[in-house]
Every structure is written in structure tokens, then in C-alpha cells.
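S.K.: Start from the sequences and build out the full structure, keeping to the hints where you can.
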Amino acid sequence: MNSKDPLVADGALVLDERRLRSFLQAFYHWYEEASSPAQQCSRSRVLLICLLVRFAALRLGEVLSLDDMADIDAQKGMIHVRGKWRRDLPLPRSALNRLLELRDAPCNIRARGELCHLDPAYVRRIFAMRAEEAGLSGLSPTGLRNFREQELLRHGVPLPTVEFFLGRRKGGQAAPGELAHLREVFRLWERASQTGRHNVVNGTLTLLQRGEFSCFLTLTTQAGTTFFIRCSTRTFVRLDLGERKKASAFIRSLQVVILSEKLDERNCFEGIVDDMLERGEEARVMIRLKSDSQQFCAILSLRRARDLALSRGSSVWVMIRPADFTFCGIEESAV
365 MNSKDPLVAD GALVLDERRL RSFLQAFYHW YEEASSPAQQ CSRSRVLLIC LLVRFAALRL
425 GEVLSLDDMA DIDAQKGMIH VRGKWRRDLP LPRSALNRLL ELRDAPCNIR ARGELCHLDP
485 AYVRRIFAMR AEEAGLSGLS PTGLRNFREQ ELLRHGVPLP TVEFFLGRRK GGQAAPGELA
545 HLREVFRLWE RASQTGRHNV VNGTLTLLQR GEFSCFLTLT TQAGTTFFIR CSTRTFVRLD
605 LGERKKASAF IRSLQVVILS EKLDERNCFE GIVDDMLERG EEARVMIRLK SDSQQFCAIL
665 SLRRARDLAL SRGSSVWVMI RPADFTFCGI EESAV
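Here the sequence shown is numbered in this note's numbering, starting from 365 and rising by one per residue.
Just so you know, these hints were derived from the structure itself, not from any lab.
Treat the hints with care, since some could be wrong.
[What the hints assert, rightly or not] Straight line, CA to CA, 16 Å or less: simulated EDC-like cross-link-like pairs of lysine to aspartate or glutamate:
#1 K654 / E634
#2 K654 / D639
#3 K440 / E527
#4 K654 / E607
#5 K654 / D671
#6 K448 / E527
#7 K440 / D452
#8 K534 / D452
Keep in mind the model is a prediction, meaning the values are calculated, not measured.
M.R.: Printed below as a string of C-alpha cells:
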């Protein structure tokens, strides 16, 4: 990448919600494509480290020294960080549940307590490979940590509290009210994330192709609109999709793309803007497909919304990548 690349600013990779999700999806796909229990165990350990950096904003050295049994308090929803910048951090409940799911997986029983004790060079190499797959060459664990810092600030967390969360403040103890404030921010964030999952498509399922690692399917609504969906073969088997005639899939609001004109891509539909709400630097747009009663909610920057000249009644095109759908029944983090 060069200095003119829109993904780069001052020599550093610029990470936003959409790019972060692409990176995490690459990590999840890599994890789900493990070909043996031993490989699944190995990959789950790196995924565990990735999620700790993403949600707890830990330095890589802090993650690698973490005892996943002693330092994760499931009852209190806290992470104990060791070392020079020792501190106790609350985590969003959905993120904590995903960490516990990985830690307590049958394949990891023997390694529990030491799941995060991996070679830093190996972890950085895996990060770089997944970033390359997501088109984010140059993204590192530090980039994830920096994103979390900006995310907390955007959600209204005061700078001193963010400094505590990232371990930059001397003393390592939270000031009165800081932990309660963080928990409230996480609660509101999770509520917003759940609200963003209302983009559910219900219909008749048809398998087009089944491969060793992924499957290609269609989901056709009662009105006749067909959505193309790609999922991992592991997901296909786990949810018994081959035996189901009906299914539901959801798409998160941040993954719904609004266009001014049609692209020659699957899942590109013409729609009408039913409603639009502006808050700060973002806009929430409700779109109804012209060919169906199906509605989608999209969240985008206010600048992008104005570039598209969006308003109630506007005609737009909606595009959803087949791999961005998730079949209902799978618990995914906002990641």
C-alpha cells in the first residue's frame, strides 16, 4: 500500500467497522475449515487471542501471558490482566460467552490454562495471513487494539477511562464509577447489535453446490425473491441444512450496502427508502425491496448517505454479499 491508498493514513492502516468485520470473518472461516480436531484446537487458540485483543484491547504480550482459567471470571464478566499494566476489565457478555465457548471446547480441555501461551511470531503470522485474505494487508494486533480505543471513544467513554482500559494509566485501578460506566456502554452496544439483527430473510432452501470447505445455497422468499448464500460446510452439517426445507438467515445492518446504481453481482436488488434517521456522523436507513415486502436496515456514514442523496422515497439498490449472511441458530459475536 502507498500513501495514496484510501486504507492508509499517515502510514498506518485505517480500520473501520466494515473492514474489521471482513477481517474477523476471514478468521472465523479459517477456524471453521479445520480438517481435524488437533487443527481445530490449534486454530481456536489463535482465534481466542484475536477476540481478546479485539474486545479487551490487550497488548499482544498481555494476551500471551493470560491464564484462560484463572484470569477469566465468567461469573463477574471480567478479565484479569497481568504484568506491568495489571488491571481488571469488564467485557460485553456476548464476547465473554464466545471466549468461554472456545476455552471450554472439548478439543481444548487438556490445554486449558495455557491456551494463550503461543509464540508471538506465529500469532503475528496468522494475523497477517487472515488480514491478507480480507484485503487488509498490514493489519496487526496493534491495529485491532487501536480500533478498540477509537470505538470506545465513539461510544462516549471518557478519555481517562479509555486510558485505563488500554493500560496506559499508572496505578492499574479503576476510578469510582468507571467500571459501571463501561458495563453500561457495553450493554447499550449489545442492545444495538441485537437490534441490527432484525434483517432476517425467511424462505425455501435449495443447495446448489457442496464443497469440502463451503456450500452455496439459495433462499427463496414466499414472494419469489431469491437470495444467494455461502456458508462453511461445517455450518451446513451442524445445522442439518441438507434436511431442512425452510430456513432463516440474517444480515447485520453494517453489511447491507446501498448503491446508486445496479451492479452485476448476486443479491443486488432495487429498493425504496422507507425511513432515514441521522445521529452524529452516522445514518440508519430503512429500505424496502420493490420486488418483495422484505425490509433491510443499513447503517452507513452520514457523508456516504449525503453522497447518495438519500431521503424518504428515494430509489436505491441494495447489495448483500452471499458470505455475509448467517443462518439463524448460529451465535455470532459483533464482531
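S.K.: Looking back at the hints listed earlier, which ones does the structure fail to meet?
M.R.: 3, 4, 5
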